[in-house]
Amino acid sequence: MTDLVINPTQSRPWGKILLRALLFALLGLFALFYLMPLFVMVTTSLKSLEEIRTGSLIAFPREITFEAWRTAWSGACTGIQCEGLRPYFWNSVVLAIPAVLISTVVGALNGYVIAQWRFRGANLIFSLLLFGCFIPFQVVLLPMARMLGLMGLAGTIPGLIFVHVIYGIGFTTLFFRNYYVTIPQELVKAAKVDGAGFFRIFWSIFLPLSLPIIVVTVIWQFTQIWNDFLFGVSFSQAGTQPVTVALNNIVNSTTGVKEYNVDMAAAIIAALPTLLVYVVAGKYFIRGLTAGSVKG
Amino acid sequence: MKTTVFTAVSAIALTLAAPAVAEPQAEVLHWWTSGGEAKSVAVLQKEFADNGGTWTDMPVAGGGGDAAMTALRARVLSGNAPTAVQLKGPAIQEWYEEGVLADISAVAEAEGWADVLPASIAGHMKCDGNWCAAPVNVHRVDWIWANAEVLAANGIEMPNSWDEFNAAADKLAAAGITPLAHGGQAWQDATVFEAVALGILGADGFQKAFVDLDMETLKSDGMVAVFDQMRKMRGYVDDNFSGRDWNLATAMVMNGEAGFQIMGDWAKGEFLAAGKVPGDDFLCASVPGDGFLYNVDSFAMFDVKGDDKQAGQALLAELIVGKNFQEVFNLNKGSIPARVDVALDAFDSCAHLSAKDMTDSADNGSLLPSYAHGMALRGAQSGAITDVVTAHFNSDMSSAEAVQMLANAVQNSL
Amino acid sequence: MTEWLERHIPKMVLAPSFIAILVFVYGFIAWTAWVSLTRSKLLPKYEIKGFIQYDRLFDSPRWDTAMGNLFIFGTLFIVTSMVLGLLLAILLDQKVRTEGVLRTIYLYPMALSMIVTGTAWKWIMNPGLGIENMVRGWGFENFSFDWVINPDRAIYAVVIAGVWQASGFVMALFLAGLRSVDGEIIKAAQVDGIPSYRIYSAIIIPSMAPIFLSAFIVLAHLAIKSFDLVIALTGGGPGYATDLPATYMYAMAFSRGDIGQAASSAMVMMAVVFAIIVPYLYSELRVKKHD
Numbered sequence: 001m002t003d004l005v006i007n008p009t010q011s012r013p014w015g016k017i018l019l020r021a022l023l024f025a026l027l028g029l030f031a032l033f034y035l036m037p038l039f040v041m042v043t044t045s046l047k048s049l050e051e052i053r054t055g056s057l058i059a060f061p062r063e064i065t066f067e068a069w070r071t072a073w074s075g076a077c078t079g080i081q082c083e084g085l086r087p088y089f090w091n092s093v094v095l096a097i098p099a100v101l102i103s104t105v106v107g108a109l110n111g112y113v114i115a116q117w118r119f120r121g122a123n124l125i126f127s128l129l130l131f132g133c134f135i136p137f138q139v140v141l142l143p144m145a146r147m148l149g150l151m152g153l154a155g156t157i158p159g160l161i162f163v164h165v166i167y168g169i170g171f172t173t174l175f176f177r178n179y180y181v182t183i184p185q186e187l188v189k190a191a192k193v194d195g196a197g198f199f200r201i202f203w204s205i206f207l208p209l210s211l212p213i214i215v216v217t218v219i220w221q222f223t224q225i226w227n228d229f230l231f232g233v234s235f236s237q238a239g240t241q242p243v244t245v246a247l248n249n250i251v252n253s254t255t256g257v258k259e260y261n262v263d264m265a266a267a268i269i270a271a272l273p274t275l276l277v278y279v280v281a282g283k284y285f286i287r288g289l290t291a292g293s294v295k296g
Numbered sequence: 001m002k003t004t005v006f007t008a009v010s011a012i013a014l015t016l017a018a019p020a021v022a023e024p025q026a027e028v029l030h031w032w033t034s035g036g037e038a039k040s041v042a043v044l045q046k047e048f049a050d051n052g053g054t055w056t057d058m059p060v061a062g063g064g065g066d067a068a069m070t071a072l073r074a075r076v077l078s079g080n081a082p083t084a085v086q087l088k089g090p091a092i093q094e095w096y097e098e099g100v101l102a103d104i105s106a107v108a109e110a111e112g113w114a115d116v117l118p119a120s121i122a123g124h125m126k127c128d129g130n131w132c133a134a135p136v137n138v139h140r141v142d143w144i145w146a147n148a149e150v151l152a153a154n155g156i157e158m159p160n161s162w163d164e165f166n167a168a169a170d171k172l173a174a175a176g177i178t179p180l181a182h183g184g185q186a187w188q189d190a191t192v193f194e195a196v197a198l199g200i201l202g203a204d205g206f207q208k209a210f211v212d213l214d215m216e217t218l219k220s221d222g223m224v225a226v227f228d229q230m231r232k233m234r235g236y237v238d239d240n241f242s243g244r245d246w247n248l249a250t251a252m253v254m255n256g257e258a259g260f261q262i263m264g265d266w267a268k269g270e271f272l273a274a275g276k277v278p279g280d281d282f283l284c285a286s287v288p289g290d291g292f293l294y295n296v297d298s299f300a301m302f303d304v305k306g307d308d309k310q311a312g313q314a315l316l317a318e319l320i321v322g323k324n325f326q327e328v329f330n331l332n333k334g335s336i337p338a339r340v341d342v343a344l345d346a347f348d349s350c351a352h353l354s355a356k357d358m359t360d361s362a363d364n365g366s367l368l369p370s371y372a373h374g375m376a377l378r379g380a381q382s383g384a385i386t387d388v389v390t391a392h393f394n395s396d397m398s399s400a401e402a403v404q405m406l407a408n409a410v411q412n413s414l
Numbered sequence: 001m002t003e004w005l006e007r008h009i010p011k012m013v014l015a016p017s018f019i020a021i022l023v024f025v026y027g028f029i030a031w032t033a034w035v036s037l038t039r040s041k042l043l044p045k046y047e048i049k050g051f052i053q054y055d056r057l058f059d060s061p062r063w064d065t066a067m068g069n070l071f072i073f074g075t076l077f078i079v080t081s082m083v084l085g086l087l088l089a090i091l092l093d094q095k096v097r098t099e100g101v102l103r104t105i106y107l108y109p110m111a112l113s114m115i116v117t118g119t120a121w122k123w124i125m126n127p128g129l130g131i132e133n134m135v136r137g138w139g140f141e142n143f144s145f146d147w148v149i150n151p152d153r154a155i156y157a158v159v160i161a162g163v164w165q166a167s168g169f170v171m172a173l174f175l176a177g178l179r180s181v182d183g184e185i186i187k188a189a190q191v192d193g194i195p196s197y198r199i200y201s202a203i204i205i206p207s208m209a210p211i212f213l214s215a216f217i218v219l220a221h222l223a224i225k226s227f228d229l230v231i232a233l234t235g236g237g238p239g240y241a242t243d244l245p246a247t248y249m250y251a252m253a254f255s256r257g258d259i260g261q262a263a264s265s266a267m268v269m270m271a272v273v274f275a276i277i278v279p280y281l282y283s284e285l286r287v288k289k290h291d
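First to last, the protein sequences are chains A, B and C.
Per this note's numbering, residue 1 is the first one in the first sequence, and the count goes up by one each step.
Per this note's numbering, residue 1 is the first one in the second sequence, and the count goes up by one each step.
Per this note's numbering, residue 1 is the first one in the third sequence, and the count goes up by one each step.
These are calculated hints, taken from the structure and not from any lab test.
The structure presented is a predicted model; accordingly, all values stated were derived computationally and were not measured.
For each residue, glycine too, the CB sits at the ideal point set by N, CA and C.
Keep in mind that the hints are not guaranteed to be accurate.
Calculated lysine-lysine pairs in the DSS-like style (CA-CA distance at most 30 Å, straight line) [as the list claims (entries may be wrong)]:
| no. | chain 1 | residue 1 | chain 2 | residue 2 |
| --- | --- | --- | --- | --- |
| 1 | B | Lys305 | C | Lys45 |
| 2 | C | Lys41 | B | Lys305 |
| 3 | C | Lys95 | A | Lys16 |
| 4 | C | Lys41 | B | Lys208 |
| 5 | C | Lys45 | C | Lys225 |
Facing chain B, according to a computed beta carbon distance under 8 Å, are these residues of chain A, among others [to be verified]:
| no. | residue |
| --- | --- |
| 6 | Ser56 |
| 7 | Thr65 |
| 8 | Phe66 |
| 9 | Ser74 |
| 10 | Cys77 |
| 11 | Gly149 |
| 12 | Gly155 |
| 13 | Ile157 |
| 14 | Gln185 |
| 15 | Lys189 |
| 16 | Ala238 |
| 17 | Thr240 |
| 18 | Ile250 |
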């Protein structure tokens, strides 16, 4: 925890106040920038279609209605079913949780090995993993489809979990490696002298230090997996489609009548789990840090 | 493809000596997901269920079917193809060439499709002489929509030639009204372009340029004139057209902010949804020039294993072309039935016009596939043309340059 | 035996990931390379036909635009997100009482899918509907903000939305970095009367080198894969002015049934990525060895 505050000790109190005001003005300005699209989305979702058609798109609603939210959750058509996002939500949950957990655990172990148990070629493997992050997903769709077919996982949730784990490893490894590399190697050496083994050291020394980076990794992985559309649409079939596919079906119909209020409500609903993770995890993020165990 | 559905089914039924055939099953991949469309497809699902079938819905919207096609490719490669897929135009034949489509000739012949479908539309449903897809509807693409009140207030009639259109547009512009409501997305640019091309090149020239890809026509003076008119159209569009959704453009016509819009007949759905009455509040007419550009939605059946699925394909094909579905679906969708023997009493005046023009143009050979909506050409070629059209429309490229680019792009895509 | 096991456990732990990456990344790259030499259309074919797809690719004006855009977009997006992320992290680190709320506000865009946020941005940046209209309504008649509809400026509009989405995450990474810097060193520096900005530039920021690596990789990856962003915001338009290699590739592979062409564009794109990332990785990892 740094105690560093921009604090020009020589300046007089009013200078300090001015600086503080400037700081808050800046922070507030940025907050406005970040909130703008959300404002548009929320206000639009609270308007009636009639008002959207006739009024300005960017304005407060004249009359607030939650009809669009109800429709998005349980009434919007995503095909011939008109049950809203609800039926698809569970698919995404069942898919995202194991995929996030597995890829985080694998990333933690990989990062631990690469940062602390260096062996010949470890850096090469790390580079290969990293470069793997950059392969465009559009490239892997077709060969992956073939592989999933051969493995008998085509169109299933385990198949989707597998894909997300494979293409998540690069990032999770990167995060943990960069975190563990700041932990002095003497720690491992000392533990080895004490007779602790590979997993023992990981479990009792590294894992307790890892909360902040676990939070970052989980946030990243959960966001990527929950918001993924390309894999979700390609490797699912009827009954296993994740919520983004349903959202897309509501939002992206080409020749149908567009209901922007339902679109926006659906988008916010589909994003609620990730939003929740950001709000809740943000707290643990800080808590993990204020525990004061991490030193450079 | 090797065995027809019915012989396969009956053969199995015989060997098992069982009286009943397998219960029809179908997993249907389509991109009709908006409220009105979903209601329309639900009609089909209900009929399917009434005939003892089980329908599994696999909707994937987005990009006019692009996302669905992505999913389809992945499914086919993983050996897990859906039973029936919304496919249209030459894409049907392309998939056939990959050897993954099933033959539904048995149903088509039993139902006498050849007698009730216009020949040019039937042609899209056949692969090597066998039926491989079932048509659902006919969208007309070359519509021009107008705000009745705005036109009356400015003393304008629906234009019958592009010169008349230009005169009307100039008048509207002088009155401070945006002449043409348009959304600057590549497919919308292409929609306007092909409407203009049909008017200027005529049915014959359109056929040569966008179906046969005849280099002479693509580089002809006529094509230069088409791009000249596109440059004029660019002037009739408001400044903020870029990226606008087509329905927001329709709303501009509805609100009287704009006079005309050139768009397929799904735009009618927007007007009707807003409670507007055809003939009173808004007008529909074919764009200047003779001909009819169609965009036919259809379902292709994929080669799948299992009697239940094959029975499902046969039943589905039969129902899709059935009179009841053709009527109910198209009433919801704004299009007209693909088969010509459906009574149109329940349809509105625009649909009547569309049906009449379709029959007439089928007789005189001007019933043509829409290139902008993937009916005329394979994806690589139509995409190459659209690239040029949209690049020209969104820059100050000269018509001569555009024509040269067009020829190069088409050559490159072959 | 156990000793052998103990010695080789690290390698065994890494092995499954290594094999998976070898097959599912490098195997697939090899597959793509092969397909890029064929005339595959709707589905992949394996009969080699030479470099015709590359000829077609380099003949295509749209591909030139896409590559040009990748450089403009990639550079601006990465630099702006890094600078903004670092700035926000430093600002937030000034013992701001409302930090929790502000942090969430900066971070939330990452949680939203671009499928719909793109629509909101499209409205905000559209001159007739959004900011330009609003500011003119306040009486500033000459105010102009028409990037999204201007073919020469539209790519910058995409940068704005991209930065909006990603900079919060970068801020979180930097914030975590700032907080893990040794407090003792900073206290010592403050006692010595070293001014704050010097403490940041000479002590804190250099100590966050691994974080810069993470942030760079995250951003570069987002820049190269930016697909939803462009599709939702501009659809590649006006014209194809905001086309990126990822959207080009997708259009070729899936809308146009031209898989050979898509594969060749993927190969060129990966070659570019390779040329940029590898020197960076090399220098980063080498520095670590000197420690």
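Comparing the hints with the structure gives:
1. Lys305(B) x Lys45(C): holds (24 Å)
2. Lys41(C) x Lys305(B): OK: Lys41(C) and Lys305(B) at ~25 Å, within 30 Å.
3. Lys95(C) x Lys16(A): holds (14 Å)
4. Lys41(C) x Lys208(B): holds (24 Å)
5. Lys45(C) x Lys225(C): Roughly 25 Å separates the two Cα atoms, so the pair holds.
6. Ser56: This interface hint is violated because 12 Å lies over the 8 Å limit.
7. Thr65: violated (17 Å)
8. Phe66: This hint is violated: Phe66(A) lies away from chain B, its Cβ roughly 18 Å from the closest one there, beyond 8 Å.
9. Ser74: Violated, because the Cβ-Cβ distance from Ser74(A) to chain B comes to roughly 14 Å (cut-off 8 Å).
10. Cys77: OK, holds: Cys77(A) within 8 Å of chain B, min 4 Å.
11. Gly149: Status holds, d = 3 Å.
12. Gly155: holds (5 Å)
13. Ile157: Ile157(A) check fails; min Cβ-Cβ to chain B is 14 Å, beyond 8 Å.
14. Gln185: violated (45 Å)
15. Lys189: Status violated, d = 49 Å.
16. Ala238: holds (4 Å)
17. Thr240: Where the cut-off is 8 Å and the nearest Cβ of chain B is about 10 Å from Thr240(A), the hint is violated.
18. Ile250: holds (7 Å)
When each numbered hint is compared with the structure, violations occur for hints 6, 7, 8, 9, 13, 14, 15, 17.
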